[in-house]
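Student: Here's the letter readout for the chains.
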Amino acid sequence: DAKTTQPTSMDCAEGRAANLPCNHSTISGNEYVYWYRQIHSQGPQYIIHGLKNNETNEMASLIITEDRKSSTLILPHATLRDTAVYYCIVRGFSSGSARQLTFGSGTQLTVLP
Amino acid sequence: EAGVAQSPRYKIIEKRQSVAFWCNPISGHATLYWYQQILGQGPKLLIQFQNNGVVDDSQLPKDRFSAERLKGVDSTLKIQPAKLEDSAVYLCASSLDLWAKAFFGQGTRLTVV
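The listed protein sequences derive, respectively, from chains A and B.
Per the working numbering, the very first residue in the first sequence carries number 1; after that it's consecutive.
Per the working numbering, the very first residue in the second sequence carries number 114; after that it's consecutive.
Fair warning: there could be bad hints in the mix.
To be verified - Short, incomplete list of chain A residues facing chain B, as computed with Cβ under 8 Å:
| no. | residue |
| --- | --- |
| 1 | Cys12 |
| 2 | Gln42 |
| 3 | Gly43 |
| 4 | Pro44 |
| 5 | Tyr46 |
| 6 | Phe93 |
| 7 | Arg99 |
| 8 | Gln100 |
| 9 | Leu101 |
| 10 | Phe103 |
| 11 | Gly106 |
Said to hold, decoys possible - Simulated crosslink set (DMTMM-like; lysine to aspartate or glutamate; CA at most 20 Å straight-line):
| no. | chain 1 | residue 1 | chain 2 | residue 2 |
| --- | --- | --- | --- | --- |
| 12 | B | Lys214 | A | Glu66 |
| 13 | B | Lys191 | B | Asp210 |
| 14 | B | Lys191 | B | Asp169 |
| 15 | B | Lys157 | B | Asp199 |
| 16 | A | Lys3 | A | Glu66 |
| 17 | B | Lys214 | A | Glu58 |
| 18 | B | Lys214 | A | Glu55 |
| 19 | B | Lys128 | B | Asp169 |
| 20 | B | Lys157 | B | Asp169 |
Honestly, the hints are just simulated from the structure, not real lab data.
Every residue gets a Cβ at the ideal spot worked out from N, C-alpha and C, and that includes glycine.
The task is simple: from the sequences and hints, build the whole structure.
Tutor: Given below as structure tokens:
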């Protein structure tokens, strides 16, 4: 059962910010939002995660709405190397399947020169 | 820092043959995962180990798939006999513990003909 909804594909111009949306309207209070990306022919790569506050690291920023039903991953200055499939994942920290990283189909981001 | 190592990178076998994949996780990582990724889909968890014990194998087709992590470090995933629908990329990942972020290897691309 998909816990997240993402657009199938998006384009972004090189050097501009890429804003990738994710809906997770059924998220519960103890579940985190994780983002991974998968560049062609490579394994998924961790980007960032958050609970309810906005988060920023060297790769990206994560903006989570106040009601936690959606979030946006922001790549501030997209480069051609950011072309990848981006996965938004809701992950709990209790035991069992809620703790697993369950991947959906993700968003194919294409950065255009 | 060495990442998750997998071998082989590519494997082509005929249906009904057997095949094995090997994974060496990041040093010190107690949790190890095997994922299957069919073309065009997100990775699907097959099995998860904590040290040398199985935490979750609910999606592992146990009639043909088996996995072990005997000494709590390296792991092997075996398919016997292989079917055409097993053609996929098999990804290994590891994390410090059950709740930490996971790091993925590059995967083994299996083609069953």
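Student: Which of the listed hints are not met by the structure?
Tutor: Violated: hints 1, 12, 13, 19.
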